[in-house]
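Which chain is which? The protein sequence lines are A and B, in order.
Take the first sequence: its letter number 168 is residue 168 in the working numbering, and every next letter is one higher.
Take the second sequence: its letter number 158 is residue 158 in the working numbering, and every next letter is one higher.
Please keep in mind that the hints were generated in silico from the structure rather than gathered at the bench.
Given the structure is predicted, the values throughout are model-derived calculations rather than measurements.
The hints are all genuine.
Take a look, some chain B residues computed to stay more than 12 Å from chain A by CB distance:
hint	residue
1	Ser2
2	Pro17
3	Pro68
4	Pro102
5	Pro147
6	Pro160
7	Ala166
Short derived list, chain A residues pointing at chain B, Cβ under 7 Å:
hint	residue
8	Asn33
9	Leu57
10	Ser58
11	Leu59
Even glycine gets a Cβ: it sits at the ideal position worked out from N, Cα and C.
Protein chains: 2
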Amino acid sequence: MSRRLVAELLTRDAFRPFGEVITTQGADHYPINNGTAERYHDLARLELSAAGGSPLLSLFRAQPRQLPVKLSVIERHPLGSQAFMPLSRRPYLVVVAPAGTPPDVTALRAFAAVNGEGVNYAPGVWHHPLLALEALSDFLVVDRGGPGENCEIFDLDPAPLLVWDAAAT
Amino acid sequence: MSRRLVAELLTRDAFRPFGEVITTQGADHYPINNGTAERYHDLARLELSAAGGSPLLSLFRAQPRQLPVKLSVIERHPLGSQAFMPLSRRPYLVVVAPAGTPPDVTALRAFAAVNGEGVNYAPGVWHHPLLALEALSDFLVVDRGGPGENCEIFDLDPAPLLVWDAAAT
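Given the sequences, and given the hints that come with them, work out the whole structure.
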């Protein structure tokens, strides 16, 4: 029988070992533009210049998954951070494991983002590819372009089964 | 009587002198994550490293304006680009003038973003602060942090009046 991984609510504290939650909640902010806007400043630790890298702005359009999701693979980007910001407020799921070689699959964690917040993975943090729910979902992505091998993939075998009880989160 | 500036539809071609429109329309893209997502790749020319700069990820929360809007000021960031991506699909307006000292106010242009697309201002391009419409609106912003004076402000006198006919755009 597959191991079950249960998604918990995404919070700043819970996600701290893996990067940052991109949210106005609890963020530093100040008025700009003569008071007509508020700047929630510097919400993620972007690390994009290693080994001749530079920042890229892209958009990922992710297909929705059906729960439960069989998690067969995780990946990581050793040379840079990778930030995802949803362009809708639909919930999505995040699966991570601490940086390390090989990944400690017993330390996999799953989170449900339910308030339109984004995530920024620190360099080297293992994560599952995007897990959109309900409908085709767009995410703005800030990650690293440049020379060098910046994507490692690890097969999960046996594949855990990701479950989420929205009502209990 | 104030000069009137009429917002036209935001398109890639019309905006090219000022930066990039951040949109999937006409963008390079390819499948990733075993075909479960599509990457619309490198949608804006991020220039964030001049004079010891580095990229910042922030969120601007902009108050809605009432039309017509009196445009009393424009600003620019000589040391870096600045990208805005709306986190809703509400329309918003963009006002720009070409890079130059002083700005050529006779060359002001106004654009209406009506399809959820973003904009990236090239370094030195003059622009009005965010012009959200209808409701409080969040934008994800990628701009430059670092040493040096990176914000110049120019007062528009007389102040043009920005108008937009949504039905005619």
